[in-house]
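Residue numbers (my numbering), protein chains in the order written: chain L, 1 to 184; chain C, 1001 to 1184; chain F, 2001 to 2184.
Just so you know, the hints here were simulated from the structure itself, not pulled from any lab data. Here the structure is a predicted model, which means the values were calculated and not measured. Be careful, since some hints might not be right.
Claimed, not checked - Straight-line distance between alpha carbons at most 30 angstroms, and here's what the computed BS3-like set of lysine-lysine pairs gives:
hint: 1; chain 1: L; residue 1: 178; chain 2: C; residue 2: 1178
hint: 2; chain 1: L; residue 1: 34; chain 2: C; residue 2: 1178
hint: 3; chain 1: F; residue 1: 2034; chain 2: L; residue 2: 178
hint: 4; chain 1: C; residue 1: 1178; chain 2: F; residue 2: 2178
hint: 5; chain 1: F; residue 1: 2178; chain 2: L; residue 2: 178
hint: 6; chain 1: L; residue 1: 34; chain 2: L; residue 2: 178
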Amino acid sequence: MSLVEDGVLSGHILVLGGTRSGKTALAERLATRKSSAPAYLATAEALDDEMVERVSAHQKSRSGRFATIEEPLELPQALFAAAQTHDVILVDCLTLWITNLLSMERDVADEVDTLVEVLAAMKDTQVILVSNEVGLGIVPDNALARTFRDLAGAAHQELAAICEHVYFVVAGLPMVVKGQYPDL
Amino acid sequence: MSLVEDGVLSGHILVLGGTRSGKTALAERLATRKSSAPAYLATAEALDDEMVERVSAHQKSRSGRFATIEEPLELPQALFAAAQTHDVILVDCLTLWITNLLSMERDVADEVDTLVEVLAAMKDTQVILVSNEVGLGIVPDNALARTFRDLAGAAHQELAAICEHVYFVVAGLPMVVKGQYPDL
Amino acid sequence: MSLVEDGVLSGHILVLGGTRSGKTALAERLATRKSSAPAYLATAEALDDEMVERVSAHQKSRSGRFATIEEPLELPQALFAAAQTHDVILVDCLTLWITNLLSMERDVADEVDTLVEVLAAMKDTQVILVSNEVGLGIVPDNALARTFRDLAGAAHQELAAICEHVYFVVAGLPMVVKGQYPDL
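Isolated chain L, as found in the complex (with noise of 0.2 angstroms):
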């Protein structure tokens, strides 16, 4: 099976990039280049007034183009209720799912390992993943922190391992890490 057909990518793919780094950017285009009907999971829970400015800002900028779908903590259920329903499925963002699971104390691995069961089921579904890339720092002193980190890289690394293209983004360009160089 081709993983490019009239330049558009088949199989899950998974964006990270660190902040401002134009990755949301870039799957909301390869989201729509694939799909006229794609649904936008987003993970975001907006508690303070700054996550307020950024959560209502990307509405505005897909309005329109994405069926807005929010869910904070049950992202493999809600993949799967999604994928009845469309095509293409844009997730925003891992980390921050993994940010709400932490904070209620779940097991984040498990919570992987099940996202993992679903996009491997969901063949007629293309789910794009989009993740900050953390650990590329200083060692935290906090050891939340820490444990946010480890658990964010292993999650990477183990959605990595099962999707077709991984693209690290850089000032809004994507580097291949896996798969095929899209055509925006």
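Following the hints, position chains C and F against chain L.
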């Protein structure tokens, strides 16, 4: 127009990388390979002993090869002026410029837009922009640091879009994000 | 001399990456693919419970495949000694070694120079060096952390220059900074 002529790159270049990644040394090699009289536009203000030491070490290493111009704030204007007498200008670095603007409570997004306009209009002078990638660690506790990360990331995206070549420097070696691998 | 023979790399290898990026697992695959009796030179000192747990998890995962040597400080000497009996030595990791040297107030730049000399002289033993990329976040408030970042970055540049292959590992997958993509 060819991007590479006799191994020398044309068009503006953005050199991104972490602390002590070797990004300035790479930018210096690119500048001196292309021009016999390049300018070095330094945005650093040596406000404490640590900075005095860093700035002085950098100056010593490039003495004789570059005409040094120091401008912590009015970068677009300084670039425009330097372009009257230099065919290659190395700007080191954008993240310090953004820090300086923030400390003066200037509108960083506006200033970056002006910089982009000036760069787009400079057809006969090649500008090599050096900047720190700072968005790949844990979210900082400090609100100002979060604002800075966002502004730096947004600036990198905007500048990468108008540069012909973008590099992500790791351990002194360039990884190509956009354009051609440099012939060093 | 070919860098790759039957898919097996020759020359020293530098494996860089963030926390839980999968860099040690990649280095272990490279080592066991090339040698039936590789050595594992661990620089970790298990000084607290968190480290004890990490070190013990790593040891369990490589038992039987590697001869483990523990040396927190005298890395060049330990490498030289191990090279008498091993054709491949995995060093995990340089950033911990630098931390250990700093805590003993040793001259890190001198020690790195000695390491480079020893590596350059080791023609019959392949060394695979694992190190954390720590310079891509916000400048730390802590002066010691800033010193550490600078020393680690300078060491990576110096070591990358004498290694045949340099990888930047993202989500368990190597991006080639220098040399050949590994056949895993």
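Tested hints:
1. L:178 x C:1178: holds, 17 angstroms
2. L:34 x C:1178: Cα-Cα ~24 angstroms, so holds.
3. F:2034 x L:178: At roughly 24 angstroms apart (the allowed maximum being 30 angstroms), residue 178 of chain L and residue 2034 of chain F satisfy the hint.
4. C:1178 x F:2178: Since the Cα atoms of residue 1178 of chain C and residue 2178 of chain F sit roughly 17 angstroms apart, the hinted pair holds (cutoff 30 angstroms).
5. F:2178 x L:178: Between residue 2178 of chain F and residue 178 of chain L the Cα gap is close to 17 angstroms, so the pair holds against 30 angstroms.
6. L:34 x L:178: Holds - the C-alpha atoms of residue 178 of chain L and residue 34 of chain L are around 19 angstroms apart, at most 30 angstroms.
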